[in-house]
Every structure is written in C-alpha cells, then in structure tokens.
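Note that the protein sequences, when read in sequence, are chains V and X.
Taken in order, the first sequence gives residues 1 to 262; the numbers are from the working numbering.
Taken in order, the second sequence gives residues 1001 to 1318; the numbers are from the working numbering.
The hints are simulated quantities; they were obtained by calculation from the structure and are not laboratory data.
Be aware that a few hints might be false.
Residues from chain V that keep clear of chain X, each with C-beta distances beyond 12 Å, as calculated [as the list claims (entries may be wrong)]:
#	residue
1	Gly16
2	Thr46
3	Arg84
If you only want the chain V side, here are some residues facing chain X, beta carbon under 10 Å, derived [to be verified]:
#	residue
4	Gly53
5	Tyr55
6	Thr70
7	Gly71
8	Lys73
9	Phe75
10	Leu91
11	Gly93
12	Leu95
13	Asp99
14	Leu109
15	Glu126
16	Ala167
17	Ala169
18	Glu173
19	Arg202
C-beta atoms are modelled at their ideal positions from N, C-alpha and C, and glycine is treated no differently.
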Amino acid sequence: MSASGLQLNRVTIRFGGLTAVSEVSATVRPGELAGLIGPNGAGKTTVFNLITGVYAPTEGTIEFAGRALTGLKPFEITARGIARTFQNIRLFGSLTVFDNVRVAFHLHLQQGPGQSLFRGPSFHREERELSERTRELLEIFKLDRVRNEPARSLPYGDQRRLEIVRALATQPELLLLDEPAAGMNPAEKVELMKLIQFIQERYKLAILLVEHDMKVVMGICQRIHVLEYGRKIAEGTPAQIRENPAVIAAYLGYEPENGPTV
Amino acid sequence: MPGWLNRSQLVLAAALLAAGVAQFLSNRLDSYVLSVAMGVGINIILASSLNLINGFTGQFSLGHAGFMAVGAYTAAVLTGKLAPQLQPIFGGHVELLFPFALIVGGLVAAVAGGLVGAPSLRLKGDYLAIVTLGFGEIIKVIFQNVEYVGGAKGLNAIPDYSNLFWVFGTTAITVYTVWALMNSTYGRGFLAVADDEIAAEAMGLNTTRYKMVAFVVGAFFAGIAGGLFAHLNNSINPSGFDFNKSIEIVVMVILGGMGRHTGVILAAILLTVLTELLRQFGDYRMVIYSLLLILLMLTRPQGLLIWPIRKSASRRTT
C-alpha cells in the first residue's frame, strides 16, 4: 500500500438498518483527477461526508497522506489538506465574494482574537498579504469584478465557481467536488471542465469528482469509481468503465438517458 | 497605516478622553439626566456584547441578564462586603477598587459564559435560546437563595462609584472590541459561522471555538455592565435580572439590525430614552412601548439603520 494520497479501506456506514455505504475501497493518488459516479442514491455524497468527517465510518478506515482520518472533526480534516464543495451550494451568503475567499485562509492565519484587538504592525501586514492573495485568486477565476457583491447575489455559475475558489484558498492537496456541474447548461459545463483541468494542473492537486453528467466525468477523469447501492461495482479508466457490463446494467436500469454510452 | 496607533485606536483613545472630559463637567448636569445617560451607556454595552453573540455569530442567546447578574453581584460584593479586606491591597489608591471589581465581575461572568456555553453551544436556534433562557432563570434563583448576597431582597447600599467616565469609557472599549474583532480576517469567521456552520467547518474553521469566544467575550462585557449597573442604582435584587431584562437587550439587538454596529447602538439609546420619556404615562407606559416596538418592527424589519450591505467592509481593514 502506498503511503500517499487518499485511501478508503473497506469503508462501511450504516444508518440504523440501512447500509448506505458498504465495504468501499478506493485510492486517489496525489495529483490524480478521479471520478465517483453512480445512480441516484448510490451513496456518493455519503462517501464525501465520510471522507470529510461529517460522518464516522461504522467499519473500515480512511487514510490521507499515510495518516488515519478516524475521529477527526471536519475542520481538522480540512487542516490535513482535504477541501470540498457542496452539492447544494453552501456559500457564506451575506458575506461579500471577497470575504468568502478571505475567510477560507483561516487555516493559515497567524492572528487570533488578540491580534484583531491589538492591531499591531504584524496584524496589518498579514491583512494586506491576505487581501493580495485573495485578489489574486479572484482574478485568476474571473470573480474580481464582483468581489464586493454579497455572495448570494451572484448568478448560479459564479456561485459554483466561487465555492471552488473558496475551497482552493484553504490550500488543499485533495479537492472534493460534489456535483459541480449540477444545474449548468452545456456551455457552462464545457467551461467547468476546462476550469477543473486548469486547477489540477496549476495547483498540482488531486481532485475527486462526484458527478452525474457523464460527458463531464468521461471527458476529464483519469480514473473512475462506480458505486451502486453503496457498493463499489467497478473501477477503471473512462474507456474501461464505458465497456463495463455491470456499470451499463446499473445505469440502464435507472437512468437510461444518462447512460454511460453518451 | 504604520505604527502602533492606527485610526481605530485613535478613535478609542479620543472616546476615552471624551468620557473623562464629560465626567469632569458632569457636576453641571442634572442628576436625573446624568443617571439616564449612564443607563444609556450600560445598555449600549449590553446590546453591543449581545450583538456579538446573537447578531454576528448567529447564536440566539436569551441569557444575557444572567451574565449581567453574575457581574453585578460579584462587583457589588467586592466593593461592599469584601472592601475592608481588599482596601489594604490597593494601599492609598482606593479609587482602583472599582475598576478592579468591574473587571473581576466581568471575568466571573465570562467563566459563567464558558460553563454555560460548553455544553449548550452544540445546540442551535430555538434549542440554544431555551437553554440560555433556563440558565438565566437558574442564576436568578441561585441569587434568590444565597443569604450572603441578601437572598430575594438583594444587596443594598452599594457605593455609587459609577460615573460618566467609567460608564462611557467601558462603552467605548466594548464597542471597539466588538468592532475590532469583526473587522479582521479572523473575525470574518464569526460571520461565516452565522451564515453556514457546515461550510465554515469545511473551510477549516473551528466553529465550536468561535462560538465559545463570542459567548465568553459577550458574557465578560455583560458582567462589566452588571457591575456598572449595580454601582449606579446602589441596589440590586435577583428579579431585576430576570427574563424580561434579557428580552429587553434582545429587542435592542433585533431592532438595531442583527450584526450592525451603529444600528444596535442607536437602538440601545432610543429604547433607553423612550422608556424614560414614557414614564409620565404611568400604567400605560408598557402599552405604548410595546405598540412602538410593533410599529418599528413593521416599518424597519431589517433594523433601524440599513447600510448598503457590508460593501465597504472588505476594504476597510486593508
């Protein structure tokens, strides 16, 4: 077993009598762009919640960079280098676009309540530095025009993008994207694919993508894991997944129009 | 801005100086006006500190009067029953006893805030409100039953140490503290917690710690306000710190616009003065007061002052 990247070892979670995720093992290597697909209710988001510490696995372990994540709270897992976005966008709606990103530098802050009160030279230096870095991120992702708007007033696509930028500000090694293409039109989806690839290359990070849209997943992922009813039924390159009979059966049984042959 | 003193700290220094000057000139003022003015200051402290908890951090607390009571009783005991023992410590500087009592009162209230916050801050919304409400009542009942602090009769003959300098000096420090906490990258975390706790946690913010900081700092200033209140009124009793008092402070925060600095200060001033002006109506006072509240909430549901949404906020601290 390699000591790096994200490793799920036979992870299981039960809610009462329901086994939402059952003995799922998977690896996301550093710098890899991986996809996690499956029909509705297959347990994809639950896997995300397990990785990020929202739920604790009933059985099995999750390791990141060679260290177990068991028992860590979500903010501690983010501190280990795993950032995420949410399926239903969760921005800080009343904060400005600028502040949404700025607050995400929290993990790398030197200041605390004391410095905020005292406001010495080092405090001002840090604030200037963070403003600079925030501005830079917003410029790269073309959000600097709206930086003083409250986040909730942004158009949908921009909100999705802002959520990704905010996650990047935590400086992760692994980025979890939960259905980033949901609700986007075809043009926006093409933009999104470019954006995800750009992020992977520029920031040299691993990305795990949960997505319904086959075009997006097949188009950019290097490796795909397929879930059905909480179990993993396949893993492989897009080409392999497209030919996999178990995957075809899973999809044709539920969402033929979204089938992997698209 | 370079150097140790920046603009915000200069404003704070100026406010402290102004409080000193006001105190110097206070003997020209009518004593009634003076006591109302001090009441205004105390309510600004209470409202601003509760605004940190309820407004900025979004944790609905109904226990602020409880923390105020803890501070009031602690300070009153220190300047009263324990004064003979404490005097020698300060040597010739007896005037230092009062600020000492205020700060200790604030610290004890902060500890109470921590003790209440630790188990209850896992709760949200209505549930947290009910727990803090219960805490406030428990505090009241405890003071009612402790003979050392006078039981239900409370403490009397508390020295009238509160003056314009102490009240408005503390007010300035409270307002500065809440403002400075909010206007920093660290402080944006409070707002993030209020907006979306799950997202805040996912961005690496220790939301529990943020809520604790808000609760403890809020309780600290409520305790100090209690100490000032005790040494302004010269007497305190448990029923003065009941649920109604907490609600009164909550109303100031809501009317001022949850999480607005200036609006909440204005609401504290307005409601304090209004209560005094309505005294002439005797029994109808609370009826008129309530009607005015309803009217204000209907016409100004967002708060008294509505600034264009926090637009300049992100630029200010750079």
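Those earlier numbered hints the structure runs against, lowest number first: 3, 5, 6, 7, 18 and 19
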